Amino acid sequence: MTTGPGAERGVVVIGVGNEFRRDDGIGPEVLSRLRGQTADGVRLVASDGEPARMIEAWTGARLAVVIDAVLAAPPPPAQISIPPAPSPSTVPLHAPCPGRLHRIVVDRAPAADVHTVSTHGLGLGASVALARALDRMPERLVVHAVEVTDVGRGVGLSPAVAAAADALTAAVLRDLQPATIP
Amino acid sequence: MTHRSYRTLTATGLARVEGEGSMYVRVGDGLVEEVRLDIYEPPRFFEAFLAGRSFTEPPDITARVCGICPVAYQTSACQAIEEACGVTLPGPLADLRRLLYCGEWISSHALHVYMLNAPDFLGYPGAVELARDHRDIVERGLSLRRVAISIMELLGGRSIHPVNVRVGGFYRVPSVAELAPLAGQLRDALDLALDTVRWVAGFDFPDFRCGHELLALREPGRYPIERGTLVSSGGMAFGAAEFEQHVIEEQVPHSTALHARLAGHDGSYLTGPLARYTLNSRWLPPAASAAAREAGLGPVCRNPFQSIVVRAVEIVCAIEEALALIGVYEPPDQPFAPAAPRAGTGHGVSEAPRGVLYHRYELDQAGIVRSARIVPPTSQNQAAIQDDLREFVQGRLDLDDEPLTRACEQAIRNYDPCISCAAHFLTLQVDRG
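From first to last, the protein sequence lines are chains A and B.
Residue numbering for the first sequence follows this note's numbering, starting at 4 and increasing by one per position.
Residue numbering for the second sequence follows this note's numbering, starting at 115 and increasing by one per position.
These are computed hints drawn from the structure, not numbers from a lab.
Please note that a few of the clues may not be correct.
What the hints assert, rightly or not - Quick partial rundown of chain B residues pointing at chain A, CB under 7 Å, derived from the structure: (1) F159; (2) A162; (3) R178; (4) R246; (5) I251; (6) R254; (7) I274; (8) V277; (9) R280.
Claimed, not checked - Cβ-to-Cβ under 7 Å is the rule here; a few derived chain A residues that face chain B: (10) A55; (11) C100; (12) L104; (13) R106; (14) V108; (15) A132; (16) A136; (17) D153.
To be verified - Here chain B is said to cover these stretches of chain A; the calculated rule only asks that three of the stretch's residues, wherever they fall, bring their Cβ under 8 Å from a Cβ of chain B: (18) 56-66; (19) 140-150.
Since this is a predicted model, take the numbers as computed values, not measurements.
Yeah, the Cβ is synthetic: ideal placement off N, Cα and C, and Gly gets one too.
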């Protein structure tokens with residue numbers, strides 16, 4: 004068994020979502036596409052996004068890559084609040100566009116929330132805020148957020164979100180290149 | 115104070131509950147006229163989805179109903195299908211099923227106690243703010259979750275939506291050597307759990323008593339977790355197969371979840387920690403029993419605000435049970451008891467962290483699911499939550515809207531409603547006219 008950068012440096016990819024909630028299944032879908040394509044030691048973790056589990060999964064990691072769905076539904080115009088230091092900035096989404104990808108590097112410092120889809124009222128923003136309070140942020144946290152509009156009950160991604168899965172998988176693999184890992 | 119005699123309180127997107135829903139309270143002429151727990155989502159998707167599937171599939175499919183209590187869904191599903199197929203689990207496999215369920219209890223209860231409910235008692239808006247001031251306390255909660263995750267990863271294959279569970283047992287069972295490190299983790303966790311009981315026992319609890327009929331499983335000799343027969347505080351006693359004769363589900367206009375009531379009884383009933391404890395406290399294992407006494411719980415607990423103490427005691431119970439099960443474990447010859455399909459109907463019940471979870475499956479001779487029925491604990495508790503909230507608000511109408519709304523939210527969180535299971539999202543509205 005070869006040892007990849009993940010084993011030495013603590014790399015985890017967390018696919019958040021529920022494949023029985025339509026487009027919320029994009030996280031698990033990308034996770035399944037990544038199997039066999041990542042270096043040994045890179046942990047692939049399926050998650051429901053619950054903060055304690057998220058923090059447990061990324062504690063001590065040099066790099067954590069999170070794949071999650073972000074609900075884009077008008078009105079009002081949705082926006083993802085990105086918490087970089089020193090001042091928060093936002094990515095306005097204007098019109099919703101299912102399948103559009105956003106890559107966000109989340110700073111360790113306290114700032115605003117990241118609003119993603121969650122059925123528990125405790126989304127990724129809560130995980131980041133709690134991890135910061137507990138000093139449990141990974142050294143580097145990259146979030147790949149996928150705009151979705153259909154999170155009703157049922158299986159299968161909508162065509163626009165399914166079409167984005169290849170590009171998203173490739174984007175995650177780029178983040179896992181040794182040169183990009185702290 | 116006219117505005118307090120006629121008002122509406124609304125909470126939309128109620129925080130720190132599992133799922134999505136809303137609460138509406140209308141007050142007129144100083145009396146609470148209406149209380150509604152609104153649940154929006156169509157709840158029966160999974161039941162319809164199961165029809166036409168193989169009898170081997172419900173444990174995996176129903177695990178997706180809820181990210182917090184997948185083991186409960188898997189267990190009730192397995193038991194129902196095993197009954198339909200005439201399969202009985204040998205001792206070691208039954209023990210492993212209980213051990214896995216202990217992991218879920220620890221995980222779910224620690225989440226609720228530390229992240230969702232304790233901030234209410236300590237005046238914090240949420241766990242993040244609590245963690246900023248009391249990092250050590252929240253870390254203790256995360257440590258308890260960690261041991262639960264270890265159990266669920268070892269026995270379930272992963273911590274969410276376990277993939278190692280199958281009808282008749284497991285795909286793979288652990289060796290004695292694999293369980294040994296878990297025992298060490300559990301021994302450490304026992305101290306953390308006892309500290310948790312002492313911590314929550316010191317909270318201030320509003321003086322409130324619910325008078326509902328209580329419904330829980332019972333397995334004489336030990337605390338009910340993964341199996342048992344049903345008993346009630348009013349003297350009802352029946353098996354899973356009679357569940358639908360005694361529990362009647364009814365549609366109500368404001369909710370997509372069905373409301374349940376007990377046949378032949380007026381009023382609502384309650385399932386979950388208070389019911390389990392009140393009907394079974396005599397069978398708590400020693401450390402949990404002592405912790406309950408030290409916390410000031412008598413043999414009966416009917417104050418929903420103290421359900422946080424009962425949950426903490428049940429964490430101790432689950433850890434003790436897990437240690438005992440690991441202590442006597444001998445790997446079974448096979449990881450599962452073979453189950454051949456046959457035509458029939460099976461029923462399964464288990465004690466999900468939030469209460470009784472019932473499944474029924476009707477199979478044809480090829481093992482295809484012809485119909486399925488799932489009755490989750492939150493839909494059973496919905497009417498009781500509404501009744502308690504009506505009484506709770508009536509006694510606190512002197513509060514302004516904002517503190518009253520907060521108090522209502524806390525009152526709802528006492529029941530740890532899993533709207534995800536019953537249906538889905540929560541919101542609170544109080545109408546004072």
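Now for the hints, and whether the structure bears them out:
1. Because the beta carbon of B:F159 sits about 4 Å from the nearest beta carbon in chain A, less than 7 Å, this interface hint is met.
2. Of the supplied interface hints, the one on B:A162 is violated, with its beta-carbon coming no nearer than about 10 Å to a beta-carbon of chain A, more than 7 Å.
3. The interface hint given for B:R178 is met, as the beta carbon of that residue sits about 4 Å from the closest beta carbon of chain A, less than 7 Å.
4. At about 5 Å, the closest approach between the beta carbon of B:R246 and any beta carbon in chain A falls short of 7 Å, and the interface hint on this residue holds.
5. At about 11 Å, the closest approach between the beta carbon of B:I251 and any beta carbon in chain A exceeds 7 Å, and the interface hint on this residue is violated.
6. The beta carbon of B:R254 comes no nearer than 11 Å to any beta carbon in chain A, farther than 7 Å, and the hint placing it at the interface is violated.
7. For the restraint placing B:I274 at the interface with chain A, the shortest Cβ-Cβ distance is roughly 5 Å, inside the 7 Å limit, so the hint holds.
8. For B:V277, the interface hint is violated, the least distance from its beta-carbon to any beta-carbon of chain A being 9 Å, above 7 Å.
9. The beta carbon of B:R280 is not positioned within 7 Å of any beta carbon in chain A (closest approach about 19 Å), and the interface hint is therefore violated.
10. For A:A55, the shortest C-beta to C-beta distance to chain B is roughly 5 Å, which falls under 7 Å, so the interface hint holds.
11. Given hint, A:C100 at the interface with chain B, is violated; its Cβ is 24 Å from that chain's nearest Cβ, farther than 7 Å.
12. The beta carbon of A:L104 is not positioned within 7 Å of any beta carbon in chain B (closest approach about 24 Å), and the interface hint is therefore violated.
13. Hint on A:R106 is violated. Least Cβ distance to chain B is approximately 25 Å, over the 7 Å limit.
14. Because the beta carbon of A:V108 sits about 21 Å from the nearest beta carbon in chain B, more than 7 Å, this interface hint is broken.
15. Hint status for A:A132 relative to chain B: holds, with the closest Cβ pair at about 4 Å, below 7 Å.
16. For A:A136, the interface hint holds, since its Cβ comes within 7 Å of a Cβ in chain B; the closest pair sits about 4 Å apart.
17. A least Cβ separation of about 14 Å between A:D153 and chain B goes past the 7 Å threshold, and the interface hint is therefore violated.
18. With a threshold of 8 Å between beta carbons, the proposed coverage of the region 56-66 of chain A by chain B holds, since 3 of its residues qualify and at least three are required.
19. Chain B is given as covering the region 140-150 of chain A, and this is violated because 0 residues of the stretch bring a CB closer than 8 Å to a CB of that chain, at least three being needed.
Taken one by one, the earlier hints fail for this structure at numbers 2, 5, 6, 8, 9, 11, 12, 13, 14, 17 and 19, listed in ascending order.
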